[in-house]
Amino acid sequence: EAGVTQFPSHSVIEKGQTVTLRCDPISGHDNLYWYRRVMGKEIKFLLHFVKESKQDESGMPNNRFLAERTGGTYSTLKVQPAELEDSGVYFCASSRTGSSRAFFGQGTRLTVV
Amino acid sequence: AQSVAQPEDQVNVAEGNPLTVKCTYSVSGNPYLFWYVQYPNRGLQFLLKYITGDNLVKGSYGFEAEFNKSQTSFHLKKPSALVSDSALYFCAVRDGGNTPLVFGKGTRLSVIA
Numbered sequence: 030e031a032g033v034t035q036f037p038s039h040s041v042i043e044k045g046q047t048v049t050l051r052c053d054p055i056s057g058h059d060n061l062y063w064y065r066r067v068m069g070k071e072i073k074f075l076l077h078f079v080k081e082s083k084q085d086e087s088g089m090p091n092n093r094f095l096a097e098r099t100g101g102t103y104s105t106l107k108v109q110p111a112e113l114e115d116s117g118v119y120f121c122a123s124s125r126t127g128s129s130r131a132f133f134g135q136g137t138r139l140t141v142v
Numbered sequence: 043a044q045s046v047a048q049p050e051d052q053v054n055v056a057e058g059n060p061l062t063v064k065c066t067y068s069v070s071g072n073p074y075l076f077w078y079v080q081y082p083n084r085g086l087q088f089l090l091k092y093i094t095g096d097n098l099v100k101g102s103y104g105f106e107a108e109f110n111k112s113q114t115s116f117h118l119k120k121p122s123a124l125v126s127d128s129a130l131y132f133c134a135v136r137d138g139g140n141t142p143l144v145f146g147k148g149t150r151l152s153v154i155a
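Protein sequence lines, in the order shown, are assigned to chains A and B.
Reading the first sequence from the start, the letters are residues 30 to 142 in the numbering used here.
Reading the second sequence from the start, the letters are residues 43 to 155 in the numbering used here.
Just chain A, same shape as in the assembly (with noise of 0.2 angstroms):
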């Protein structure tokens, strides 16, 4: 079974730019989260989708990041402009309906200079 795969791998921009984040689930898990770890600090949640929907976004920090999952697959998590603040460390989980576990992708490491 293939796992969770996230692009790109690193990603340097400088602020004000628009810099997009994919995750691919694994195959027929219906839950995927977007979860952010800035350097030295705890791995924060950002977003939960139940396939195409939000089931609960209540830790995005601003109306500067967007994410989407259209048809319910991989999902896209749009940071625009950035900012400094936003650096860190992009990780994307998903899980099947009714598991506890979660499995988490390698992660996107965002710098903006």
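Among the clues, some could well be false.
Unchecked claim - Listed below are the simulated DSS-like cross-link pairs for lysine-lysine, each with C-alpha atoms no more than 30 angstroms apart in a straight line:
no.	chain 1	residue 1	chain 2	residue 2
1	A	Lys80	B	Lys91
2	B	Lys64	A	Lys73
3	A	Lys73	B	Lys119
4	B	Lys147	A	Lys73
5	A	Lys70	B	Lys64
6	B	Lys91	A	Lys83
7	B	Lys119	B	Lys147
8	A	Lys73	B	Lys100
9	A	Lys70	B	Lys147
10	A	Lys44	B	Lys147
11	A	Lys107	A	Lys70
12	A	Lys73	B	Lys111
13	B	Lys100	A	Lys70
14	B	Lys91	A	Lys73
15	A	Lys73	A	Lys83
16	B	Lys64	B	Lys111
17	A	Lys83	A	Lys107
18	B	Lys111	A	Lys70
19	B	Lys91	A	Lys70
20	B	Lys64	B	Lys91
21	B	Lys119	A	Lys70
22	B	Lys147	A	Lys80
23	A	Lys107	A	Lys80
24	A	Lys70	A	Lys44
25	A	Lys73	A	Lys107
26	B	Lys147	B	Lys91
27	B	Lys147	A	Lys83
28	B	Lys64	B	Lys100
29	B	Lys147	A	Lys107
As the list claims (entries may be wrong) - A partial selection of chain A residues facing chain B, derived with a Cβ cut-off under 8 angstroms:
no.	residue
30	Glu71
31	Ser129
32	Arg130
33	Ala131
34	Gly134
To be verified - Just the calculated beta-carbon pair ranges, DEER-fashion:
no.	chain 1	residue 1	chain 2	residue 2	range
35	A	Gly100	B	Ser152	39 to 45 angstroms
36	A	Pro110	B	Asn59	46 to 52 angstroms
37	B	Thr94	A	Gly69	31 to 37 angstroms
38	B	Gly95	A	Glu114	38 to 44 angstroms
39	B	Thr62	A	Glu114	32 to 38 angstroms
40	A	Val142	B	Ala43	30 to 36 angstroms
Calculated from the structure, these hints are not laboratory results.
For each residue, glycine too, the CB sits at the ideal point set by N, CA and C.
Based on these hints, arrange chain B on the given structure of chain A.
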């Protein structure tokens, strides 16, 4: 609100010695507790979980964790550390189902030969 505390930023242990990585949690209902590990340039890998049942749970790579309800702790342990265990360890909690995970800030484990 749920929270997780990992009181140690860094744990150093000699190869062959037992190791403990500490975790305490706070949750309103019954906790679902997890340990994840992140090796360099890799994603988060699941080690073990506690949902219900026996307080001592065994996981991957020889790790185990003990759930202690009265102390609200879920410390990660291994009887004999390996250099290859050196990594970043995260404790996490959720209050059931497919709700988002709440993570601690992580503990870096260094096993010295």
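Status of the hints after comparison with the structure:
Annotation: proposed proximity of Lys80 (chain A) to Lys91 (chain B) holds, straight-line Cα distance about 25 angstroms (limit 30 angstroms). Taken as a hint, the Lys64 (chain B) and Lys73 (chain A) pair is honoured in the structure, with Cα atoms around 19 angstroms apart against an allowance of 30 angstroms. For the hint linking Lys73 (chain A) to Lys119 (chain B), the alpha-carbon distance of about 25 angstroms falls within 30 angstroms, and the restraint holds. A distance of roughly 9 angstroms separates the Cα atoms of Lys147 (chain B) and Lys73 (chain A); the hinted pair therefore holds under the 30 angstroms criterion.
For the hint linking Lys70 (chain A) to Lys64 (chain B), the alpha-carbon distance of about 16 angstroms falls within 30 angstroms, and the restraint holds. For the suggested pair Lys91 (chain B) and Lys83 (chain A), the alpha carbons sit about 26 angstroms apart, so the restraint of at most 30 angstroms is met. Between Lys119 (chain B) and Lys147 (chain B) the alpha-carbon distance is near 18 angstroms, which keeps this suggested pair within the 30 angstroms criterion. A threshold of 30 angstroms between alpha carbons decides the hint, and for Lys73 (chain A) with Lys100 (chain B) the separation of about 26 angstroms falls inside it, so the pair holds.
Of the supplied pair hints, the one linking Lys70 (chain A) and Lys147 (chain B) holds, its CA atoms being roughly 5 angstroms apart against a limit of 30 angstroms. With a CA separation close to 26 angstroms, the supplied pair Lys44 (chain A) and Lys147 (chain B) stays within the 30 angstroms bound. Taken as a hint, the Lys107 (chain A) and Lys70 (chain A) pair is honoured in the structure, with Cα atoms around 22 angstroms apart against an allowance of 30 angstroms. Pair hint Lys73 (chain A) plus Lys111 (chain B) holds up; C-alpha atoms about 24 angstroms apart against a cutoff of 30 angstroms.
With a C-alpha separation of about 27 angstroms, the suggested pair Lys100 (chain B) and Lys70 (chain A) falls inside the 30 angstroms cut-off, and the hint holds. This hinted pair checks out: Lys91 (chain B) and Lys73 (chain A) have alpha carbons roughly 19 angstroms apart, not beyond 30 angstroms. Restraint check for Lys73 (chain A) and Lys83 (chain A): the C-alpha separation of about 17 angstroms stays at or below 30 angstroms, so the hint holds. At roughly 14 angstroms between alpha-carbon atoms, Lys64 (chain B) and Lys111 (chain B) fall within 30 angstroms of each other, so this suggested pair holds.
Between Lys83 (chain A) and Lys107 (chain A) the CA atoms are separated by roughly 15 angstroms; this keeps the pair inside 30 angstroms, and the hint holds. The straight-line distance between the Cα atoms of Lys111 (chain B) and Lys70 (chain A) is roughly 26 angstroms, inside the 30 angstroms bound, and the hint therefore holds. Restraint check: the Cα-Cα separation between Lys91 (chain B) and Lys70 (chain A) comes to about 22 angstroms, which is no more than 30 angstroms; the hinted pair holds. Between Lys64 (chain B) and Lys91 (chain B) the alpha-carbon distance is near 15 angstroms, which keeps this suggested pair within the 30 angstroms criterion.
Between the alpha carbons of Lys119 (chain B) and Lys70 (chain A) the distance comes to roughly 23 angstroms, so the proposed pair stays at or under 30 angstroms and holds. Using a Cα cut-off of 30 angstroms, the hinted pair Lys147 (chain B) and Lys80 (chain A) holds, with the two alpha carbons roughly 29 angstroms apart. Of the pairs offered as hints, the one joining Lys107 (chain A) and Lys80 (chain A) holds, with about 18 angstroms between alpha carbons and a cut-off of 30 angstroms not exceeded. Annotation: proposed proximity of Lys70 (chain A) to Lys44 (chain A) holds, straight-line Cα distance about 22 angstroms (limit 30 angstroms).
The hinted pair formed by Lys73 (chain A) and Lys107 (chain A) meets the criterion: a straight-line CA distance of about 17 angstroms does not exceed 30 angstroms. The hinted pair formed by Lys147 (chain B) and Lys91 (chain B) meets the criterion: a straight-line CA distance of about 18 angstroms does not exceed 30 angstroms. Proximity of Lys147 (chain B) to Lys83 (chain A) is assessed by CA-CA distance (about 26 angstroms); at most 30 angstroms being required, the pair is judged to hold. Note on Lys64 (chain B) and Lys100 (chain B): the hinted pairing holds, with a Cα-Cα distance of about 16 angstroms set against a maximum of 30 angstroms.
A C-alpha spacing of about 25 angstroms is found between Lys147 (chain B) and Lys107 (chain A), which places the hinted pair at or below 30 angstroms, so the restraint holds. Residue-level restraint check for Glu71 (chain A) holds (minimum Cβ-Cβ distance to chain B is 4 angstroms; threshold 8 angstroms). For Ser129 (chain A), the interface hint holds, since its Cβ comes within 8 angstroms of a Cβ in chain B; the closest pair sits about 5 angstroms apart. For the restraint placing Arg130 (chain A) at the interface with chain B, the shortest Cβ-Cβ distance is roughly 6 angstroms, inside the 8 angstroms limit, so the hint holds.
Residue-level restraint check for Ala131 (chain A) holds (minimum Cβ-Cβ distance to chain B is 6 angstroms; threshold 8 angstroms). The interface hint given for Gly134 (chain A) holds, since its Cβ lies 5 angstroms from the closest Cβ of chain B, which is under the 8 angstroms cut-off. Between Gly100 (chain A) and Ser152 (chain B) the beta carbon distance is about 44 angstroms. The supplied range of 39 to 45 angstroms therefore holds. Distance hint check for Pro110 (chain A) and Asn59 (chain B): the Cβ-Cβ separation is about 50 angstroms, which falls inside the suggested range of 46 to 52 angstroms.
At roughly 34 angstroms, the beta-carbon separation of Thr94 (chain B) and Gly69 (chain A) lies within the given 31 to 37 angstroms, and the hint holds. Remark: the range hint 38 to 44 angstroms for Gly95 (chain B) to Glu114 (chain A) is upheld by a beta-carbon distance near 42 angstroms. Evaluation of the 32 to 38 angstroms hint for Thr62 (chain B) and Glu114 (chain A) yields a pass: the beta carbon distance comes to about 34 angstroms. At about 34 angstroms, the beta-carbon gap between Val142 (chain A) and Ala43 (chain B) stays in the expected band of 30 to 36 angstroms.
In the structure shown, no violation is registered for any of the earlier numbered hints.
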